[in-house]
Every structure is written in structure tokens, then in C-alpha cells.
Amino acid sequence: MKVSYRAFGCSEVEVRVIYLLENKLTLPKEELNKNISYAQGRNLFNGKNGELYTFTMDLMGNYQTVVLVGLGKEEELNLDKIRKATAKAIRKAKELKANKVFLRLPVNNKLTVEEMAKNATIAAHLADYTFNKYKTDKEKENDIVVSIGVHGLKEASSEVLEAIEEGNAIGKGIILARDLVNEPANVIYPETLAQAAIDAGKENGFEVEVYGLEKIKELKMEAFYSVAKASEKEPKLIVMRYFGNPEGKGEILGLVGKGLTYDSGGYSLKPTSGMVDMKSDMGGAASVIGAMSIISRQKLKINAVGVIAACENMISGSAYKPGDIIGSMAGKTIEIRNTDAEGRLTLVDAVTYIIEKENASEVIDLATLTGAALVALGDTTTAVVTNNDKFYGELKEVSSYTGEKFWQLPSFDEYKEMVKSEIADLNNSPGRNAGTITAGLFIGEFVKDKPWLHLDIAGTAWADKKTDLTIKGGTGSPVYTLYELVKKKSK
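Counting in numbering that gives the first Met the number 0, the sequence shown runs from 0 upward without gaps.
It is worth saying that the hints were derived from the structure and are not from the lab. Don't be surprised by glycine CBs; every beta carbon is placed ideally from N, CA and C. The reader is advised that the hints may include incorrect statements.
Unchecked claim - With a straight-line Cα cutoff of 30 angstroms, these simulated DSS-like cross-link-like pairs (lysine-lysine) come out:
hint, residue 1, residue 2
1, K269, K331
2, K228, K1
3, K96, K201
4, K449, K216
5, K465, K1
6, K72, K395
7, K331, K219
8, K389, K449
9, K109, K83
10, K331, K389
11, K83, K269
Claimed, not checked - Distance ranges between label pairs, derived from CB positions:
hint, residue 1, residue 2, range
12, D142, Q407, 40 to 46 angstroms
13, N77, Y133, 50 to 56 angstroms
14, G430, K72, 18 to 24 angstroms
15, E138, N244, 44 to 50 angstroms
16, G430, I324, 16 to 22 angstroms
17, K269, E138, 48 to 54 angstroms
18, E138, G322, 52 to 58 angstroms
Full structure from sequences and hints, please.
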């Protein structure tokens, strides 16, 4: 899909979408007002948030479907309502098998044209998304061409055009992350995940370097390798580099994504029901690849490095076991109490690498790390553990714009004591209590003094049911927020 701007003249489109506010239901065209009045009279449409009403107009022999979408009261209008209304309208257009769709954004005093156009563009991409490539009996889907306009705005400013292009880039980056998460583990494994990063780098303009087992051992990444060694698939250390601010090379933002392309749990074996969706355990890696793609495509004036320690957690005679004591790139020893607490082991070596070898001055790690995050916060909110409240404040600020939700968990000293071991420096699984916090603080033991955010996306990277902006499967969260945070830092 590609979204573009259209100033006026939408008679040739098959579906025209009109966003309406509850207190602004009158339009310039009399025929439109007649239909709106009819819908109001029958209480079918009043402009309330989430309402949808369709009718057909005869435009000199060309029939066009008009979709009215309600946004509620103007004083309560926000970008989340624009995104969800757009998604509803695009899905309705797909249901009507339309090929050309025009979105007429509302005139209002709450939101700028630029931010509405950008977020409507993103929502159009997300609503159009499907993942059915392995179905053999699927109907051919219609390719939708979407254009955006605002009543009374005959020519778009360069800012509006740039906002739409930015929305296209963000939508594409989120969809890349979704695709990677939705692919089965026999398609996406360390080697092919690395190739996906290489392809994204070539398309969007960032450098990618991939290291294999020999280099991983040379770097003494024992924590990473201990998880990987039971699999027949060779682990890969994927490094993505974008230097958009060569003069500021002392400041490098590090993005680390958990890259477990499949997680059986190892000898701490998962139940069958818990294995089906474990192809998605590389959601953090997918988000980093998606975010790096947008950052580079938008040519942000910032230096960013993404690192993924990609592997599978499997069972074999060479697998690591509960009770083992292993090393790490940082030199710290770790007692293994649970082989299904493997993600944090791969992450600590990746975090050490990005700080010591890539000179990251700030670090964000993203991981589908703990079921406890889903239990605590559900599937709408990402759990955050941090050592820097200012850094978290920046994340919260941009998340209020993107609509993705985050919540900081406490990092009290009592929790830090829980990750220590009687027979090694640390243990990888203190138990069920405060599980999301202790998992994050385990990683925090390796970040040195760098400002750091740990995002546990176990609840938000995957949707078990269809929502306004997602299908069942990978969500692409939190690619949008990650990009906006990096953009804020680039200014």
C-alpha cells in the first residue's frame, strides 16, 4: 500500500471516507447532508466515536460508496481516535472490494493536518495488513490505493506531504516487524533473520554485519552460546549500524532485541500449549529491525546501533541444564535455575557487546521476556524497568503521541538482591515473585552506568485476537514509539 495526498476531485474513487465530529455534522454538499440527516433521524449515525455508516451516491452515472466515521466530541478528539476511525474505514473499504479510497480528514481545532495525515497513513497500512501467504485457497486480495485530503485545503504544504511520507515509512517498518514475528520458526531462524536484517539495511540505508559461532566464541559470549548450543541452527550475532550524525559520534543509541527464533524452554520444557506461539519470541529483534529501517529511511540526525543475539533454545545432549554455572562476555558467572529463562542470557551478552564494542552511550533492550508481564499488565501495556527516570520520561512523552502504553515497575534494592546467587555471581531465575522486575534487573547488572530502558513486550508484541489496528498475530509494537523516541533525541 502507498498513501498519497489528494487536494480535491474524488469522483473517480470507489469509496470516500468522511470523518465527522459529533458537533460538526454539516458538510458543504447538500446531497451528503441529506444522507447524514436521514441517518441521524433514524439514529443510525450521530458522529459518536466509533460509529460507522455507509450509503451510495450517484455521481453522474458513477456510483460511489460514502463511509461516515464518527470521532465523538471535538474537545475530546485525539490521534488514537483518528487511527482507529481510519482502520475501521479501511477495513470497510476492503470488505466492499474497493481499489481506490479517499480519506477526507476533519477540520478541527484540536489536531494539526500534519499529525492527522501522518497517523491516518500509519493506520491505513496497519488495517490493510494480512498474513495469509501460506493459505492455498485464499481469494485474491484487492490492492488499495489510498489518498488523503482535508476540506478547504487545495494544495498540501511540504509539511503535510512529508508527514504522509513519514507515515508510509512508519507503517512499512511496523509491517516488517509483524511479518518477521508471524513467520514460522522453520522459515525464520538465525540465518534467515540475519538475512532479513541485511535486506532491510540494503533497502533503507543502514550497515549490517553478521557474526557466526566462531566470532561469538571469540567474544566469550558464553551466556548467549549456552542457550544456542543445543540447536542445529548456528547462532548469529546481528549488528546494524546507522550513523546519521557523524559529528556526534560520542553519542550512540544502542537498541538490543531479543532474538529467540524458537523457544522450546530447553530442559525446563514448556507445555505443548505454550510452544505454539514461540515463533514470536524474537519480537524484540523484529522491532529493532523495523525501527532501524524507519530511522534510516527518514535520515534522522542521530547515531544508532541495533544488536540481536539470534538463536534457538532447544533440547539435545549438548544443551545447557538447570544447575549449570556459566560465564558471560562481561566476566560475571551465572547459576542456571531455569533453562526457560533463556532470553535474559542472550540479552546480557548482547548488551555487553553493544556497550563495549559499539560504544553505545544509552541502551534500550526489547524482549518478549516474561509471562509475568502479561499477567501484571495485560496485552495493552509494556512493562518498563529502568535505571534512569529522565530516559523513561522521554519514553512516556512520545508514547502519549503514539498511543502505545508503557508502565514503569519499581527497582528497589530488595529486588536486586533476588538475582544474586549463593554459588555464582547471579542466578537467572529467582522464582515467580516479581518475575518481570527481576528479569529486567538481571539485565541491568550488565549495563554499567549507561542510561537504560528495559521493555518487556511479552504482552504487547502478540495479539491473541483481532483489534482495530491488529490481526491475530504479531503487532509490531513498540516500533512506532521506538522511532518517535529516537526522532525526539535527534532534534
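Hints, verified against the model:
About 27 angstroms separates the Cα atoms of K269 and K331, which keeps this hinted pair within 30 angstroms; it holds. Restraint check for K228 and K1: the C-alpha separation of about 43 angstroms exceeds 30 angstroms, so the hint is violated. For the hint linking K96 to K201, the alpha-carbon distance of about 34 angstroms lies beyond 30 angstroms, and the restraint is violated. A hinted pair counts as satisfied when its Cα atoms are at most 30 angstroms apart, and K449 with K216 qualifies at roughly 25 angstroms.
The suggested pairing of K465 with K1 holds, with an alpha-carbon distance near 23 angstroms, which does not exceed 30 angstroms. Of the pairs offered as hints, the one joining K72 and K395 holds, with about 25 angstroms between alpha carbons and a cut-off of 30 angstroms not exceeded. As the CA atoms of K331 and K219 are separated by approximately 11 angstroms, the hinted pair is consistent with the 30 angstroms bound. With a CA separation close to 12 angstroms, the supplied pair K389 and K449 stays within the 30 angstroms bound.
Between K109 and K83, the direct Cα distance comes to roughly 17 angstroms. Compliance with the 30 angstroms bound is thereby established for this hinted pair. For the proposed pair K331 and K389, the alpha carbon gap of about 28 angstroms is at most 30 angstroms, so the pair holds. At roughly 36 angstroms between alpha-carbon atoms, K83 and K269 are farther apart than 30 angstroms, so this suggested pair is violated. Distance hint check: the CB atoms of D142 and Q407 are about 42 angstroms apart, consistent with the given range 40 to 46 angstroms.
Checked against the hint of 50 to 56 angstroms, the C-beta distance between N77 and Y133 comes to roughly 37 angstroms, which is inconsistent with it. A beta carbon spacing of about 48 angstroms between G430 and K72 contradicts the range 18 to 24 angstroms that was offered as a hint. Here the CB-CB span from E138 to N244 is close to 47 angstroms, well matched to the stated 44 to 50 angstroms. For the hinted restraint 16 to 22 angstroms between G430 and I324, the CB-CB distance of approximately 18 angstroms keeps it satisfied.
Restraint check, K269 to E138: a C-beta distance of roughly 36 angstroms breaks the suggested window 48 to 54 angstroms. The hint said 52 to 58 angstroms for the Cβ distance between E138 and G322, and at roughly 54 angstroms that hint holds.
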